[in-house]
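**Q** Chain residues, written in single-letter form:
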Amino acid sequence: MRIEAKHPRAIRWFHWINFPLISIMIWSGALIYWANDVYRIGVGDFTLFHFFPDFFYHTTGIEGRLAEGMAWHFVFLWLFALNGVAYVIYTAVSGEWRYLAPNAKSFQEAIQVALHDLHLSKKAPPARKFNGAQQIAYTSIILMGAGSLITGLAIWKSAQFAWLTALLGGYEAARLEHFLLTLGYCGFFFVHIAQVIRAGWNNLRAMITGYEIQEGPWQKE
Amino acid sequence: MAERMTSEPDSQNARRMAGMTRRSLLVGGAAALASGAIWEWIRTRRLDNGVPWPLRAGLNADEELTRDYFSETRLVRTFPPDAAQAGRPNGSIGIEDDLDPDWKLHFGDLKLGLDDIRALPKTVMTTELKCIEGWSRIIRWGGARFSDFVARYYDGAPDADQYVALETPDGDYYVGLDMASAMHPQTLLCYEMNGKPLESQHGAPLRLVVPLKYGIKNLKRIGKIDFSDSRPKDYWAERGYDWYAGF
Numbered sequence: 000m001r002i003e004a005k006h007p008r009a010i011r012w013f014h015w016i017n018f019p020l021i022s023i024m025i026w027s028g029a030l031i032y033w034a035n036d037v038y039r040i041g042v043g044d045f046t047l048f049h050f051f052p053d054f055f056y057h058t059t060g061i062e063g064r065l066a067e068g069m070a071w072h073f074v075f076l077w078l079f080a081l082n083g084v085a086y087v088i089y090t091a092v093s094g095e096w097r098y099l100a101p102n103a104k105s106f107q108e109a110i111q112v113a114l115h116d117l118h119l120s121k122k123a124p125p126a127r128k129f130n131g132a133q134q135i136a137y138t139s140i141i142l143m144g145a146g147s148l149i150t151g152l153a154i155w156k157s158a159q160f161a162w163l164t165a166l167l168g169g170y171e172a173a174r175l176e177h178f179l180l181t182l183g184y185c186g187f188f189f190v191h192i193a194q195v196i197r198a199g200w201n202n203l204r205a206m207i208t209g210y211e212i213q214e215g216p217w218q219k220e
Numbered sequence: 000m001a002e003r004m005t006s007e008p009d010s011q012n013a014r015r016m017a018g019m020t021r022r023s024l025l026v027g028g029a030a031a032l033a034s035g036a037i038w039e040w041i042r043t044r045r046l047d048n049g050v051p052w053p054l055r056a057g058l059n060a061d062e063e064l065t066r067d068y069f070s071e072t073r074l075v076r077t078f079p080p081d082a083a084q085a086g087r088p089n090g091s092i093g094i095e096d097d098l099d100p101d102w103k104l105h106f107g108d109l110k111l112g113l114d115d116i117r118a119l120p121k122t123v124m125t126t127e128l129k130c131i132e133g134w135s136r137i138i139r140w141g142g143a144r145f146s147d148f149v150a151r152y153y154d155g156a157p158d159a160d161q162y163v164a165l166e167t168p169d170g171d172y173y174v175g176l177d178m179a180s181a182m183h184p185q186t187l188l189c190y191e192m193n194g195k196p197l198e199s200q201h202g203a204p205l206r207l208v209v210p211l212k213y214g215i216k217n218l219k220r221i222g223k224i225d226f227s228d229s230r231p232k233d234y235w236a237e238r239g240y241d242w243y244a245g246f
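The listed protein sequences correspond, in order, to chains P and H. Numbering of the first sequence is given in numbering that gives the first Met the number 0, commencing with residue 0 and proceeding in unit increments. Numbering of the second sequence is given in numbering that gives the first Met the number 0, commencing with residue 0 and proceeding in unit increments.
By construction, these hints were calculated from the structure, which means they are not laboratory data. Hints are supplied without guarantee of correctness; some may be wrong.
Unchecked claim - Derived CB-CB ranges, DEER-like:
(1) P:Thr58 / H:Ala13: 40 to 46 Å
(2) H:Ala150 / P:Gly168: 33 to 39 Å
(3) H:Gly112 / P:Gly183: 52 to 58 Å
(4) H:Ala17 / P:Trp162: 41 to 47 Å
(5) P:Ser93 / H:Ala13: 28 to 34 Å
(6) H:Ala159 / P:Val195: 53 to 59 Å
(7) P:Leu166 / H:Ala159: 27 to 33 Å
(8) P:Gly183 / H:Arg87: 26 to 32 Å
(9) H:Gly90 / P:Trp96: 48 to 54 Å
(10) P:Leu166 / H:Asp99: 43 to 49 Å
(11) H:Glu63 / P:Trp162: 21 to 27 Å
Where is the CB? At the ideal position from N, CA and C, for every residue including glycine.
All chains should be modelled from the sequences, with the hints used to inform the complete structure.
**A** If you want it as structure tokens, here you go:
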């Protein structure tokens, strides 16, 4: 049994600070979305699912709070953006990006990991800091964050960035893209939590303390 | 990155790990409590025009940034005339009573009729009206540029750091604009909508169209226009919304 360093302190802080910040952004975004909740999954008059059903609004208490939502959203966006930019700069400068950026093999490996996690394959994921599926997921979530800032800017300052709004397909398209990215975060969150539970305490503890317990002979990355 | 920390016996390693975990959880717990406290502190602050004052300060800082670092003459997107859609009236505060047949636009000491506005050069533009609720409509507006109106009916030029206050004849609805947004070439005193005279529900006889701002600033049935040296009162800004509300 050995204790090995896994996640640098800076990355742990960026990760945990992001959690309340993105929660505030999603919650305040929901307060805003409620005022014009037009998105649904359906064809013609048939609606399979409406974003969002009344019981969701009732139980979360987000009805009739547009002004409040806009105030939180347009203040906390700066902290959300700052934390994200700081994370990207840190990973670039420290070299941590090498563990995080997907490479040519990541995609094939990601499929292998997914099959293993769904109990369709017995081949265990590679024992690296981040496997291919993680590399793709953790890089995608950063790109999605950038996407939220860009689509958000196109909505918020559609005159100053008229070219950007046009590039995204117009004001209403930018709003839809901003919303879909948020759904993406929620999807990421549930898979992430499930995987953290699956991986166990040693893995989660590494994101808290920075260190991980390794059994067996030590080998260099 | 993986580095060997220790090769001590397992029991010592387990103790060391437990100690690190305890310290990290204490720091993390303190950080979580601190963020909860910040949240609660913001949420419970005295309201400044309907929103906790730290958030109001943040909105005002956003406004300062916008006015200092963004171009005040950049144009909003325009659309081909046939892209125009039907209007979607929303809100009748200030236009609930019947229009006074002797309606006049009060501008300083002047009392102007609709013909005085029609006498100004006519501008037609097809722009997107964006409601603060999140929907939008493309409308073909016809009217006089606010800047042309000022050039014709105001003696001299208003200062760039002044503001424009507009309100309905009954005073029930009122908005304030920064001078740059008011004098923007796409800010109209509008009497036509989609090629027809403006309807009552859309603000007849004369309304403000300022596509640089959310719909809440596009005041219907203008009764009075004034310049002021400080930020004029604004109906929705008093109810928790951003005063600037500009794109």
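**Q** For every hint, state whether the structure bears it out.
**A** Tested hints:
1. P:Thr58 / H:Ala13: 40 to 46 Å: At roughly 43 Å between Cβ atoms, H:Ala13 and P:Thr58 fall inside 40 to 46 Å, so the hint holds.
2. H:Ala150 / P:Gly168: 33 to 39 Å: holds, 38 Å
3. H:Gly112 / P:Gly183: 52 to 58 Å: holds, 55 Å
4. H:Ala17 / P:Trp162: 41 to 47 Å: violated, 56 Å
5. P:Ser93 / H:Ala13: 28 to 34 Å: The hint (28 to 34 Å, Cβ to Cβ) holds, given that P:Ser93 and H:Ala13 are roughly 30 Å apart.
6. H:Ala159 / P:Val195: 53 to 59 Å: Given range 53 to 59 Å: holds, Cβ gap about 55 Å.
7. P:Leu166 / H:Ala159: 27 to 33 Å: holds, 31 Å
8. P:Gly183 / H:Arg87: 26 to 32 Å: Holds, at about 30 Å.
9. H:Gly90 / P:Trp96: 48 to 54 Å: 50 Å Cβ-Cβ, so the 48 to 54 Å window holds.
10. P:Leu166 / H:Asp99: 43 to 49 Å: holds, 47 Å
11. H:Glu63 / P:Trp162: 21 to 27 Å: holds, 24 Å
In terms of the numbered hints stated before, the structure departs from hint 4 and from no other.
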